[in-house]
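First to last, the sequence lines map onto chains A and B. For the first sequence, my numbering assigns the number 23 to the initial residue and increments by one for each residue that follows. For the second sequence, my numbering assigns the number 23 to the initial residue and increments by one for each residue that follows.
If you are wondering where the hints come from, they were derived from the structure by calculation, not from laboratory data. Heads up, a few of these hints could be off.
Note that the list lumps identical chains together, so a pair holds whenever it fits in one copy or between two copies.
Said to hold, decoys possible - Restricting the straight-line Cα-Cα distance to at most 30 Å, the calculated cross-link-like pairs of lysine-lysine (DSSO-like) are:
{"id": "1", "residue 1": "100", "residue 2": "437"}
{"id": "2", "residue 1": "372", "residue 2": "210"}
{"id": "3", "residue 1": "182", "residue 2": "153"}
{"id": "4", "residue 1": "372", "residue 2": "219"}
{"id": "5", "residue 1": "210", "residue 2": "182"}
{"id": "6", "residue 1": "376", "residue 2": "244"}
{"id": "7", "residue 1": "175", "residue 2": "210"}
2 protein chains.
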Amino acid sequence: MKNKVSLIAPEIKEIMAMDDRAEKLREVFLDFHPHDIFLLCEALDPEDIAEIVMALGRPLGIEFFQEFEIKDQRRIYKYFPKNWMGRVLEEMAPDERVDFIKALPRGRMEEILPLVAQAERNDIRNLIQYKEGTAGAVLTTEYAALSPDITVKQAIEKLKLQAFDRETIYYAYVVDASRRLIGFVSLKDLILAESSKLVQNVMHTNVISVDIDESEEQVATKLSDYDLLAIPVVDKNETLVGIVTYDDVMDIIVQEDTEDIYKYGAAGDYIDYMGSKPITIARERITWLMVLVVMGFVSGWIMEKYAFQLEAVVALVFFIPLLCDSGGNAGTQSSTVIIRGLATGEIEIKDVFKVLRKELATGIIVGLSMGFLAAVRAIILNRSLRLAVTVSLAMIATVLIATTLGGILPLLFKKLKLDPALMSGPFITSVVDIVSLFAYLNIAMLMFR
Amino acid sequence: MKNKVSLIAPEIKEIMAMDDRAEKLREVFLDFHPHDIFLLCEALDPEDIAEIVMALGRPLGIEFFQEFEIKDQRRIYKYFPKNWMGRVLEEMAPDERVDFIKALPRGRMEEILPLVAQAERNDIRNLIQYKEGTAGAVLTTEYAALSPDITVKQAIEKLKLQAFDRETIYYAYVVDASRRLIGFVSLKDLILAESSKLVQNVMHTNVISVDIDESEEQVATKLSDYDLLAIPVVDKNETLVGIVTYDDVMDIIVQEDTEDIYKYGAAGDYIDYMGSKPITIARERITWLMVLVVMGFVSGWIMEKYAFQLEAVVALVFFIPLLCDSGGNAGTQSSTVIIRGLATGEIEIKDVFKVLRKELATGIIVGLSMGFLAAVRAIILNRSLRLAVTVSLAMIATVLIATTLGGILPLLFKKLKLDPALMSGPFITSVVDIVSLFAYLNIAMLMFR
Chain A
23 MKNKVSLIAP EIKEIMAMDD RAEKLREVFL DFHPHDIFLL CEALDPEDIA EIVMALGRPL
83 GIEFFQEFEI KDQRRIYKYF PKNWMGRVLE EMAPDERVDF IKALPRGRME EILPLVAQAE
143 RNDIRNLIQY KEGTAGAVLT TEYAALSPDI TVKQAIEKLK LQAFDRETIY YAYVVDASRR
203 LIGFVSLKDL ILAESSKLVQ NVMHTNVISV DIDESEEQVA TKLSDYDLLA IPVVDKNETL
263 VGIVTYDDVM DIIVQEDTED IYKYGAAGDY IDYMGSKPIT IARERITWLM VLVVMGFVSG
323 WIMEKYAFQL EAVVALVFFI PLLCDSGGNA GTQSSTVIIR GLATGEIEIK DVFKVLRKEL
383 ATGIIVGLSM GFLAAVRAII LNRSLRLAVT VSLAMIATVL IATTLGGILP LLFKKLKLDP
443 ALMSGPFITS VVDIVSLFAY LNIAMLMFR
Chain B
23 MKNKVSLIAP EIKEIMAMDD RAEKLREVFL DFHPHDIFLL CEALDPEDIA EIVMALGRPL
83 GIEFFQEFEI KDQRRIYKYF PKNWMGRVLE EMAPDERVDF IKALPRGRME EILPLVAQAE
143 RNDIRNLIQY KEGTAGAVLT TEYAALSPDI TVKQAIEKLK LQAFDRETIY YAYVVDASRR
203 LIGFVSLKDL ILAESSKLVQ NVMHTNVISV DIDESEEQVA TKLSDYDLLA IPVVDKNETL
263 VGIVTYDDVM DIIVQEDTED IYKYGAAGDY IDYMGSKPIT IARERITWLM VLVVMGFVSG
323 WIMEKYAFQL EAVVALVFFI PLLCDSGGNA GTQSSTVIIR GLATGEIEIK DVFKVLRKEL
383 ATGIIVGLSM GFLAAVRAII LNRSLRLAVT VSLAMIATVL IATTLGGILP LLFKKLKLDP
443 ALMSGPFITS VVDIVSLFAY LNIAMLMFR
């Protein structure tokens, strides 16, 4: 059963060569999940894929089409005849459809929209206006809605009628005549309730909802905190605009984490790597690199001020990369833990003093160990106790500064309503370098006076 | 409506002071979501929370109890009278219950288990044996099951009976007499089907399932690829053991990303930061730090070999932190993008040559820009064209090496079936340091001969 996909794989190409392939495709894919059809067919030519979409029709063909990424959808879309271009858009889920349209060049959009029926065209024009990253940009308008004054029996009948083209009928939203959201019932509530009762008497009035301009991150947090299948989105007047479902929230969580991870690596904004040219990739990365180069100038400048010291005891130089790297690594560890903790809600701004204590204590423990190791190296290879003491003191100071800054700066940024992820490894490393070089060279001055 | 929580907040303490508080609590929280009760009561004493759990009873009180983290659950649990200790465990969701039990010290577990009814005790003993991180360790046994030979009408009646204590009744699994998984129907399928049809005639036979020893990561990927509400878990004989629901998968995704992010920051394994002592935190972090210190010794050793050169032209030293940091940053950017791409499936091993080309080209673009900036600094502040050429060539070489290694090493690790996340920023930085110092000092030898 589980291997249905691999069993059928070789057949597809054969089928595509037949005359009655449309019929054959329908027959073979009858009980297939759209994702399985995708796995089987993603390597085919866009032209063949378009044909499969049309052969399978609604809803399976459309669901199969929606499995592709937008750039692939565009490649396939070109092969639809004109009447299908409108039809495919009409049948797509409203949120998927808007994402597809948004990715089109302006002129192409104007060409395609007239092919789409009035109702869907209005829906597109409505949804396209919401800002990227907000609830409005991820909602779907295909939700199940009920009036408060019908019976449970009527409600179930109504949901049956809506079942075909709604994202889910397990959650239904109760709206008044002006579409204000006044309650919520699950299908489970309905089938367990007495069928003669009115919806308004079985619905929950304490509805968890989000505002249309809330961030998609807040949408995700709320849906997952309340373990919901879907969350309704309302405008300023409490009018129901749409819903966001759990599967879209999963995509949001993955996408948000990817964006955060890019910030940890100072890698710029997320872009489609495999589909981007090096110049585009370089453009995303170069800003941070240049900022960090300029910060690196400060390290150089500090060393120039102590050039006489470095010239006098050249062995001091050998430990500079070690000290800088160790500080960078210790700081990266701390900032990683704190930034992620802030993102998941495990750590809050009010914990600042606890974090400070923890990072200071941790810094002392790891700093002492690392200082000891560096001292051993200085004694064995450089045969200088004075150097060993200098290096180990500098190491302890560096690591202590690093863990403390790595722990506190993200919290400070959060407090200032800036993104704490900006205080990630590469930035902390550059800051720590400056402070630790200064500490090292001053300790050296004292020791080698 | 949305502010119900904040409106009621001040009342709770008043209620807890009343004689008839149990009744009052039931009245106030009647239509509340357990997460809202949690938000309202999490700051109360464990003793009061235990009382609220008991007052609200089953299922709301238990759901409220399950909102707490395990360490808080344990604090609250102590305040239950003996008969409630068994009852709470019996009523908890099987997956939550096992997590709670696993966190108990061995002796305490032996004390509590006899308080629990036979059926649940067996369930606990079954689930506790599955290895952490597998499907077995995250599944729940409270799924809805149906026989193939009953009618749709009977099936719906059966689901109504099961509704109270099943994780979901929207998905029902069809099993034969020996509990082998043979099909699947959604509640939507059932209410849309003719009520006299047999379940076996409306069920899907192409069931997406996971094996009990598959990793929780694979469970998450499959459920989200197929947009499922829940995914069934089967053993070697295709017997249905349990299900994993979408809300648990969301927690898995967040947890997996956290673990990955810790690896990006070389911060060791994930531990509960706020609940851990500095010595525990330090223990997690120190291994990587020590490894990186030892790698740092190599940088020092390379410099020693070129000491005469550094003594002759001390200005060369001023650029060492800049070069090392720049290489580290560029390498961190590349490895971040590639490791995350591998995790989300956006990049695959077979893309290695494309990645190599992209990173080389990107490295040239950003390397030239950074080399130019470094040259400008050398000319302005050090007034040496020779130094400027040396530094800018070294910068270009460093950045090129960094982006290439940052791009390729994670792919190599993946190919070797090692965790690509080990090739993250801090490790790449140390490797690049060694290579780039070597390049820098050799270029300097040529230039200042």
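Hints the structure violates: just list their numbers, smallest first.
1, 2, 3 and 4
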